[in-house]
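Turn these sequences into a full structure, and let the hints guide you.
The primary structure of each chain is shown beneath.
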Amino acid sequence: MNVNQSAPPVPPFGQPQPVYPGYHQSSYGGQPGSTAAPTPYGAYNGPVPGYQQTPPPGVSRAPASSGAPPASTAQGPCGQTAYGQFGQGDVQNGPSSGVQMQRLPGSQPFASAPLAPVVSQPAVLQPYGPPPTSAQVTAQLAGMQISGAVAPAPPASGLGYGSPTSLASASGSFPNSGLYGSYPQGQAPPLGQGHPGAQPPQRSVPPQASSFTPPASGGPRMPSMTGPLLPGQSFGGPPVSQPNHVSSPPPQALPPGTQMTGPPGPPPPMHSSQQPGYQLQQNGSFGPARGPQSNYGSPYPGAATFGSQPGPPQPLPPKRLDPDAIPSPQLNELPPQQKTRHRIDPDAIPSPIQVIEDDRNNRGSEPFVTGVRGQVPPLVTTNFLVKDQGNASPRYIRCTSYNIPCTSDMAKQAQVPLAAVIKPLARLPPEEASPYVVDHGESGPLRCNRCKAYMCPFMQFVEGGRRFQCCFCSCINDVPPQYFQHLDHTGKRVDAYDRPELSLGSYEFLATVDYCKNNKFPIPPAFIFMIDVSYNAVRSGLVRLLCEELKSLLDFLPREGGAEESAIRVGFVTYNKVLHFYNVKSSLAQPQMMVVSDVGDMFVPLLDGFLVNVSESRAVITSLLDQIPEMFADTRETETVFAPVVQAGMEALKAAECAGKLFLFHTSLPIAEAPGKLKNRDDRKLINTDKEKTLFQPQSGAYQTLAKECVAQGCCVDLFLFPNQYVDVATLSVVPQLTGGSVYKYACFQVENDQERFLSDLRRDVQKVVGFDAVMRVRTSTGIRAVDFFGAFYMSNTTDVELAGLDGDKTVTVEFKHDDRLNEENGALLQCALLYTSCAGQRRLRIHNLALNCCTQLADLYRNCETDTLINYMAKFAYRGVLSSPVKTVRDTLITQCAQILACYRKNCASPSSAGQLILPECMKLLPVYLNCVLKSEVLQPGAEVTTDDRAYVRQLVTSMDVAETNVFFYPRLLPLTKSPIENTTEPPAVRASEERLSNGDIYLLENGLNLFLWVGASVQQGVVQSLFGVSSFSQITSGLSVLPVLDNLLSKKVRGLIDSLRAQRSRYMKLIVVKQEDKLEMLFKHFLVEDKSLSGGASYVDFLCHMHKEIRQLLS
Amino acid sequence: MATYLEFIQQNEERDGVRFSWNVWPSSRLEATRMVVPLACLLTPLKERPDLPPVQYEPVLCSRPTCKAILNPLCQVDYRAKLWACNFCFQRNQFPPAYAGISEVNQPAELMPQFSTIEYVIQRGAPSPLIFLYVVDTCLEDDDLQALKESLQMSLSLLPPDALVGLITFGRMVQVHELSCEGISKSYVFRGTKDLTAKQIQDMLGLTKPAMPVQPMRPAQPQERPSVSSRFLQPIHKIDMNLTDLLGELQRDPWPVPQGKRPLRSTGVALSIAVGLLEGTFPNTGARIMLFTGGPPTQGPGMVVGDELKVPIRSWHDIEKDNARFMKKATKHYEMLANRTAANGHCIDIYACALDQTGLLEMKCCPNLTGGYMVMGDSFNTSLFKQTFQRIFSKDFNGNFRMAFGATLEVKTSRELKVAGAIGPCVSLNVKGPCVSENELGVGGTSQWKICGLDPTTTLGIYFEVVNQHNAPIPQGGRGAIQFVTHYQHSSTQRRIRVTTVARNWADVQSQLKHIEAAFDQEAAAVLMARLGVFRAETEEGPDVLRWLDRQLIRLCQKFGQYNKEDPMSFRLSDSFSLYPQFMFHLRRSPFLQVFNNSPDESSYYRHHFARQDLTQSLIMIQPILYSYSFHGPPEPVLLDSSSILADRILLMDTFFQIVIYLGETIAQWRKAGYQDMPEYENFKHLLQAPLDDAQEILQARFPMPRYIHTEHGGSQARFLLSKVNPSQTHNNLYAWGQETGAPILTDDVSLQVFMDHLKKLAVSKIMCSC
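Going line by line, the protein sequences match chains B and U.
When we follow this note's numbering, the leftmost residue of the first sequence carries the number 1, and every step to the right adds one.
When we follow this note's numbering, the leftmost residue of the second sequence carries the number 1, and every step to the right adds one.
The set of hints was computed from the structure by calculation and includes no laboratory data.
Positions of the beta carbon are idealized from the N, C-alpha and C atoms, including for glycine.
Take the hints with a grain of salt, since some may be wrong.
[Stated by the list, open to error] What follows is a set of in silico ranges between Cβ atoms, one per label pair, in the way DEER data are often shown:
id: 1; chain 1: U; residue 1: 198; chain 2: B; residue 2: 633; range: 24 to 32 Å
id: 2; chain 1: B; residue 1: 475; chain 2: U; residue 2: 310; range: 33 to 41 Å
id: 3; chain 1: B; residue 1: 559; chain 2: U; residue 2: 322; range: 55 to 63 Å
id: 4; chain 1: B; residue 1: 480; chain 2: U; residue 2: 322; range: 54 to 62 Å
id: 5; chain 1: U; residue 1: 310; chain 2: B; residue 2: 485; range: 56 to 64 Å
id: 6; chain 1: B; residue 1: 945; chain 2: U; residue 2: 198; range: 57 to 65 Å
id: 7; chain 1: B; residue 1: 477; chain 2: U; residue 2: 324; range: 50 to 58 Å
id: 8; chain 1: U; residue 1: 258; chain 2: B; residue 2: 434; range: 39 to 47 Å
id: 9; chain 1: B; residue 1: 601; chain 2: U; residue 2: 305; range: 16 to 24 Å
id: 10; chain 1: U; residue 1: 260; chain 2: B; residue 2: 559; range: 58 to 66 Å
id: 11; chain 1: B; residue 1: 601; chain 2: U; residue 2: 545; range: 18 to 26 Å
id: 12; chain 1: U; residue 1: 305; chain 2: B; residue 2: 800; range: 32 to 40 Å
id: 13; chain 1: B; residue 1: 494; chain 2: U; residue 2: 260; range: 36 to 44 Å
id: 14; chain 1: U; residue 1: 310; chain 2: B; residue 2: 601; range: 25 to 33 Å
The structure is reproduced here in structure tokens:
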């Protein structure tokens, strides 16, 4: 929000901008405005009071708080900081305040409490007293709210909203239409204008009208935000839900408030008057806004803030708002105005940051011991150690719920997907031991005779240890003599703790020859590097860079255990529209090139000398890598082939009778005459039509067929793309996708800019430990069954997940369905068995076991869910859905399912409360915000700048992401860099991904696992600029910079250190992009502020929450 | 008939021509009654050290359908500067350059001694010689090593500007690019897939102008810098490169499982070689030299599967129609051969293996293109090494004894027409007034293409007398034939050799004696043999034998002197006396008998029989046997079992084999070591003599014969025993009551029996019509 100043050009930004001015103004005239406002609203206030009563603090907060209250407690500081900021850059208080607010919350739980209600059940109760303490999330919310509360701002916003909405409804029409259209433009000007000057007039005019208009503005925005929401909102939306909201709003006031909060505190008075000004700006025409504000003003001083910020976004919130509302009913009657007025305080709604923070604090300190069945692990964002005591570590398996309904009826009722996200080869932190390898000798691993489950800690030994009962299918099996052991008095085998398979959740068996292809022990796998040497690749410097890198990289091929050198052999192929194989046999003085131009019928021209041991053939390989760039330096060949390249690699492995991995470095759409030839079918006009799905589907079935052959051979394909234009990722990624490979994409690759990213990815990709030629099977207790699988693999039947290759980053999401009853006593067991060939060519079985609880009460289910995992599943489900259904359908399905889940909870588990209250289960309180992020993602709602390739790329990436990755991918981390003292070396606490949280006097880092932005506020202190960028002023910072200069000062070191550590956490190198406030790159950046309305039409968090609430209410009624 | 013999010999020396009849029957009817057709053996490029080529172009008859070349038989009007074509009687102006012509100032082509003359054509850029090596890598290590050495050696024999190319094959086919620095580069093709010439050229990048994937090649102003140069490079440029490349050649790296043959893609390799040249150097002299160490086992042209338990086809299988791949493979190679011939290139096959290598299927490649076929047991034998080396032997001028892309045109005077040719040639399908409707050999044309030929390459050319009986030719009339051979000399010049011959016509009724006397029984035997072998390629063996028998009987009936029904009265004149004996041996020869020979061997023998000159052909039909003893100087003896005596050393030359056979006693003496005792030095000399003589033959012959040194009772003695006339067998040994000679264990009839039968049939009235 702080950003606003320059923002004007961009609509989305525009909004924020308004805020700014608003503030200033508010600061100036704010007070007056506020005063004025109150009166008009009076009526509103009336109802509001109701609220206020409950949360009197809220009220106080709103108006008063802005002024006084805040000051007293938290605000005091906030205000100060805020001021400070203002003073400097005029930067809004917003961001700074935001931060502060958050912190504050902690301190003022109670105040927050009221707000909390919105969110969690407890909230309901809590609203008043208890909530705050309640263990449930609500507390957090409360906290949030508190902050909000603290910040007068929120109220303001609330007001603003309230009024706007009301207005909207009333006068709506005009402001809306006009306003909206004008938004961007209008806003801009206002901003530019002297706030006071221009604004006042507007205000004057609009005030009343404005009062209406604002709502309108609110309304309009809504529409823009989310399709569905709009209607409801603009019309009844606000009104209907609003009632509740309304009630809530007061407390919230916040929505805007949140942003404003900081500032509001201080400026409030000023604001009120100014605010109007803001509103004007905001709306573009915001005159109206002001109006409302003014009105607000009265009710909530904060109102001003509202107007300024979110005017638009807020409108929605009101509806849903939690305000659990008491008021709701009344409000409803009250109609638009009231409703509108009551804005949701963004700080009052569940905050991912808070949840994450709390979990970190609560669970990060002690190791997670897996001995207990059905235990919910800490969040993925929490650092914790795992002690394996019989169940697989959450690093290997995470479930959507750790308590499964006993019957399918219950499951259907709850609609909570039962899924496990499995990462069989997950890398563990050094403190945790990797799975033990168990050798059962020639007879192979001990298994149940009927269901073939592997020996695990849950197997029951009976008859004195002579037999064991399978925990999955209850079959009684004999214990082979060599495995016999006596039982102790508890029925446990005496040697249970000596045997990993009897005491641990995860372990490995050595496979016997029966588990090998063709009953032959495998040959160590091979890596084949296949390099595009067409004109584009050569010109961009890729070929030279790659060859240079490979020379050293080949020393770091994955090796197993303490092996001195890797068993993996390597081979090289270059290609354009023909393929060049290289004979690099160690006995040769020079490599030999063999050209295969029969791309229509690919084959491998040589066997001996193609795949070689690196150390033996070092000289020849080096010579080859030296010569490749030279040989093709003058190439004029621009056409490339693709399918034949993959086929060649696969055939080479087939000929060598081993599994392996192909590293393909490819630049362009394969248009040369050959199988798998593609045409450019990129057509943006298809977006939002029924044919949109074709953009995600491969062009031809040839690639699937090819992929199947690859899988059969255990040939995994990693694809590095360097496109300058459309390459049809959707089609090219089919093979990597089905073979368990990865796709990396470097659009418009330039050695200077992208070298580090590419090389880093390449190094990681080449060095990472991989399992080859794998088959994964998930066995479950009788009663449930794995029915659906998501990820990068191929399935030729319904149970076996075939993975040509599987690395530590790849995840398979498995969905379960009931096919019978489960019982509470036994719980539900999962066993994931992965048969694979290790890097050294050893055939192994990795087993992960996990025991879950079963419940007959839905409440138990809701109490043991993991939202992050749910989102992982839902995103994958949706991303697969776009292949076959129109995107809109997919989105609606998601929303419906989410609504059903929440409605079911509301209906069955929540304590009775007003229908107007939005009640979320504690474990799922983030579901709406996260789901909204999924809905807004590039795949499901593409912005204008998102290419078809990007969408396809992201789609396939998400398919094999683990929970931690989806979490940060959909809800990026936004870290303020300059807030905390420089000396503080710990990672700064994140802030919510909203423009409101940005202060123009600060610098922020934003990362989502793929992208890394450094956002620089326009008013950042020169000293900071100097120490970070080595230039003297903000204007001298190069926009789009991707490397921070290495400077010898604390700040620079700290920031660079932070960036490095962030990168280290992710499986892909994140290229840094420095974004300056108000720069055109900021557009790109804002895309990741997922709590805000997005340019492409994605709803803001608040809007979406409202919508969700509406949906739930519909389901309930 | 000494005069005729001299005449024949003289003609052969000068013109390289031998006619079956040197006086021609003047009517069609009479000619057919002569049984042996009017035909000749022509050696187009017979070496003539005494014949320097003239450096101008020939003068042609202006009649478009004739275009005969001015020759000594033409009538010339020196005053009017006119000449009359002796074939079509068109009167032609001499070209301006001949303005100074007069009786005393004749151009060479008008002089009688220049009935054969060679012109050098100055037009057109000389095209380089091209040698494309197609090398099998599925060889044993020592074989491959030997082959590599031979190939490297051959590089040193090539003229520096010759273009060379290298294709290697095994399971895959690799076309090596010879121009790159650093990395050696090759294009690889699947060995199982037949490709069209267009595809091959596409895949080799030959269709587009320079699309270099190769390092910096600034556009060189030279002619054809890009395309062809990548695979065919002047030897002087890439000598070292290629030598290294050959040195690094590995055995085919694909594993060969137990019980399997290596996968060998000969068919595709040849196809690619043909396609490569077709695309880059059509109609330029080029040799594709295929070195193979076994049968093609995959892809088009496969001759046998890779299962060792299934042996390669034998004659027995073929007769039983049990040779699965033969037809398809033959078709494949025929297609290739025809394409190659159309482009003027030739294909040599050097097959060295203990088992068959598929020569039967591949034979048309050399046969139709004039390439060589060499068969040996291993590349590591002197037989191969020296044969291969001999290909690059030079003539007295220092030029290779090879010529390329020749067309042979035959023109005849009106009374004659051309019925066909048998030899390493293909028809060019040029119809003309002198083409007969009846075909003997490859007919229906007056022009043939011989893509590769050397000074000994000899064609049989068959004619038909078409003059009607009722239109007698005036006394003293002469029939004329002109052979015009355009070819690319190994010095890269284009040349034309013209041979014009004429023979007297004779009326059979009145001048049968003349005709008889002018019969060349040697030429006739060879020409008939060629006809027989030609037939044997397509007909059942027994049918061919029967046909030959009938011809012989008819000839005897026609020219023998006998009383009806009285075999004892039968006599043949001197000029016919040897002919039945030739036929007897021909019947027993491997050209017509497949017993004891593999299909590959039969193909090999027939290949050579169809291209060797008369002398060599006769040796093939009836091997020569020399006897060495203490009784006197070496002497030729009858090819008869009676010549096998204990105290003799025999030297037999069958063309393909040189056998030295020590008689029983000699062998014992040698075993006893007498030759090492100074007092028995004469014995040592005796032993040495045949060796020296054999050495002499070995030196001169191409291909190098198999050299066999054996003795009485030795297993290799079979080579001798199978050739000699079995006058003594286990059946008649005692009947003859002789103690000399060695009995042959055979049921074959002896010459004596054969002659008896012949006489009986010749004098009998019963005549079978043929």
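Going through the hints against the structure:
no.	hint	verdict
1	U:198 with B:633: 24 to 32 Å	30 Å, holds
2	B:475 with U:310: 33 to 41 Å	52 Å, violated
3	B:559 with U:322: 55 to 63 Å	57 Å, holds
4	B:480 with U:322: 54 to 62 Å	57 Å, holds
5	U:310 with B:485: 56 to 64 Å	58 Å, holds
6	B:945 with U:198: 57 to 65 Å	46 Å, violated
7	B:477 with U:324: 50 to 58 Å	55 Å, holds
8	U:258 with B:434: 39 to 47 Å	42 Å, holds
9	B:601 with U:305: 16 to 24 Å	21 Å, holds
10	U:260 with B:559: 58 to 66 Å	36 Å, violated
11	B:601 with U:545: 18 to 26 Å	48 Å, violated
12	U:305 with B:800: 32 to 40 Å	37 Å, holds
13	B:494 with U:260: 36 to 44 Å	57 Å, violated
14	U:310 with B:601: 25 to 33 Å	27 Å, holds
Hint compliance for this structure: hints 2, 6, 10, 11, 13 are broken, all remaining hints hold.
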